[in-house]
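Protein chains in written order, with full-length UniProt numbering: chain C, 1 to 327; chain A, 1 to 327.
A few of these clues could be false.
One copy or two, either will do: identical chains are not told apart, so a pair holds if it fits within one copy or between any two.
[What the hints assert, rightly or not] 30 angstroms max Cα-Cα, derived BS3-like pairs, lysine-lysine:
1) Lys277 x Lys2
2) Lys171 x Lys45
3) Lys224 x Lys2
4) Lys2 x Lys273
5) Lys277 x Lys246
Since the hints were made in silico from the structure, they are not lab data. The structure presented is a predicted model; accordingly, all values stated were derived computationally and were not measured.
Protein chains: 2
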Amino acid sequence: MKKLINAPETVLAEALDGFAAAHGDLVTLGAERKFVRRAALKPGKVALVSGGGSGHEPLHAGFVGRGMLDAACPGQVFTSPTPDQMLAALAEVDTGAGTLLIVKNYEGDVMNFEMAAEMASGPVMRVVTDDDVAVETSTYSTGRRGVAGTMIVEKIVGAAAEEGRPLDVLKALGDRVNGRTRSMGVALTSCTVPAAGTPTFTLAEDEMEMGVGIHGEPGRRRVKLASADAIAEEMVAAIVGDLPQKGPALVLVNGFGGTPAMELYVMFEAARKQLAKHGVPIARALVGNYVTALEMAGCSITVSLLDDEAAALWDAPVHTPALRWGV
Amino acid sequence: MKKLINAPETVLAEALDGFAAAHGDLVTLGAERKFVRRAALKPGKVALVSGGGSGHEPLHAGFVGRGMLDAACPGQVFTSPTPDQMLAALAEVDTGAGTLLIVKNYEGDVMNFEMAAEMASGPVMRVVTDDDVAVETSTYSTGRRGVAGTMIVEKIVGAAAEEGRPLDVLKALGDRVNGRTRSMGVALTSCTVPAAGTPTFTLAEDEMEMGVGIHGEPGRRRVKLASADAIAEEMVAAIVGDLPQKGPALVLVNGFGGTPAMELYVMFEAARKQLAKHGVPIARALVGNYVTALEMAGCSITVSLLDDEAAALWDAPVHTPALRWGV
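Given these sequences and hints, build the entire structure.
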């Protein structure tokens with residue numbers, strides 16, 4: 001295992017300390033590093049809280065700030081945060097208007113956030129994201145997995161929360177955005193969880209994993225490495241075929257951590273051509289590492305249908321460590 | 001070679017097409033893909049032009065836009081752009097106030113930009129960046145290499161150009177910022193140039209290259225993999241020992257392309273502790289992949305002394321594909 005770390009046991013704590021130090025104008029680290037929260041809360045606003053296993057950075061802590069999340073609970077790498085982390089975050093960021101949880105659909109996350117919601121003192125609702133069209137159930141999930149589309153839900157619902165919309169409206173909006181968002185991924189290499197010390201899986205030098213999950217868990221099938229155009233053709237067909245309708249969309253080409261920008265733009269170009277064939281106009285584009293799997297090489301494509309409301313909320317100001325515009 | 005591409009011969013063209021399509025609100029691709037230019041030029045402003053071999057994305061094309069570069073010339077991977085690319089860019093973006101070239105100190109880049117400057121019709125000055133303290137001369141450079149500090153020069157000089165400062169003042173500012181900026185890098189793995197198809201170099205499973213260049217070229221020495229703290233200690237000592245003075249600084253922990261955010265924040269935390277020991281306060285922080293070497297695992301640390309003027313120019317609005325704030 002080759003990593004820029006001191007020891008597997010301290011990676012998460014040191015990364016969180018570094019993150020909080022680098023972005024001290026935006027975020028504060030909670031006691032015992034249980035959560036990262038927005039430095040300046042906005043009283044009367046519904047609190048948005050997410051979280052999940054670490055290793056997907058910048059998701060979720062990188063999206064804490066104005067116009068997006070109020071808190072994020074980081075679990076150990078690829079491991080759900082605990083209910084007491086979530087409870088501590090809820091207690092800190094609920095300013096009286098209630099809390100909306102944004103939860104990726106993995107069994108541990110769903111169960112722990114549910115426990116925390118039951119124990120919380122204020123009203124709590126939740127949106128469970130499940131945008132991955134690759135598989136119906138998988139290693140860690142019953143039903144589809146929540147992947148890169150989650151950050152789109154966080155951004156759009158975050159903007160609506162910032163505007164002061166109430167909890168039930170935000171919950172409905174989050175479900176609607178999730179229902180109009182589809183993703184699929186591909187991996188060329190594995191990642192290595194620091195505490196494990198060895199690669200999560202192995203791929204031969206000429207193989208790829210189509211439909212891979214963001215923990216390196218299996219997807220649809222392991223096949224020979226194909227061209228960017230062929231990969232995009234299969235992924236876009238699966239995504240568009242599963243969308244409830246066609247229309248202008250936000251397209252995210254998301255790197256998993258080990259793929260250079262040059263290849264992500266090649267994939268964006270390949271996806272763009274496929275989307276044109278399918279009659280899906282690109283209304284907004286985002287290319288980069290946003291929902292990663294440590295240093296895994298590969299990427300995902302996400303297509304999220306944008307109606308006028310969602311487009312305006314996407315464009316609204318956001319100021320977080322990893323996403324910033326209009327501020 | 002495992003890459004998300006169609007063919008080595010078409011990688012650059014397709015990446016540029018994808019880049020221009022994804023960021024069409026900010027940039028325009030020149031004829032024959034000779035350069036990427038700011039979509040909306042600002043007449044009367046000194047034009048800022050940079051460029052260099054591709055494979056370092058987002059440098060330089062990702063920094064084209066308001067408050068930073070007016071044009072960037074992308075060479076083939078790790079290969080200098082040609083003088084005719086530069087001339088075409090100069091002809092397009094010089095609106096009458098002259099052009100400042102920002103050139104990383106590699107022999108091919110320096111020579112080709114010099115030829116282009118001689119052939120250009122308007123006044124041209126240049127700033128050559130050489131912030132890498134690792135080695136004095138190396139594979140592609142006489143004198144120190146220009147590395148991640150280059151993007152700091154581009155940002156600060158870009159903000160000053162946007163304010164309307166004249167060519168000679170910008171040239172002096174660029175030289176001053178470069179003179180107050182130092183970097184050093186470390187690699188844990190090699191990168192693979194698509195046209196070569198095989199890794200640029202090899203490192204054993206327990207080795208790292210201290211002082212590596214951004215093309216994977218050798219640095220100071222190849223040694224056993226060390227802890228993040230030990231790596232940061234050596235790098236920060238070399239950097240701070242070479243700075244002309246101590247004072248508040250912008251600290252950039254820059255990923256080379258294959259290292260996950262979690263490790264970059266561990267390195268930031270390690271660097272932060274070392275800088276505190278050396279009495280260098282962190283005035284601004286930036287952590288992420290900004291000046292890469294394809295998918296190389298590793299990172300560099302850059303420390304740039306910020307006087308009040310440089311800090312204000314760093315904070316000034318910027319709107320490019322890869323760096324954006326205040327807009």
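Right, here's what the structure says about each hint:
1. Lys277 x Lys2: between (42 angstroms within a copy, 27 angstroms between copies)
2. Lys171 x Lys45: Within one copy, since 14 angstroms is at most 30 angstroms while 48 angstroms is not.
3. Lys224 x Lys2: both (26 angstroms within a copy, 11 angstroms between copies)
4. Lys2 x Lys273: Classified as between; 22 angstroms across copies, 37 angstroms inside a copy.
5. Lys277 x Lys246: Close inside one copy (12 angstroms), not across copies (58 angstroms); limit 30 angstroms.
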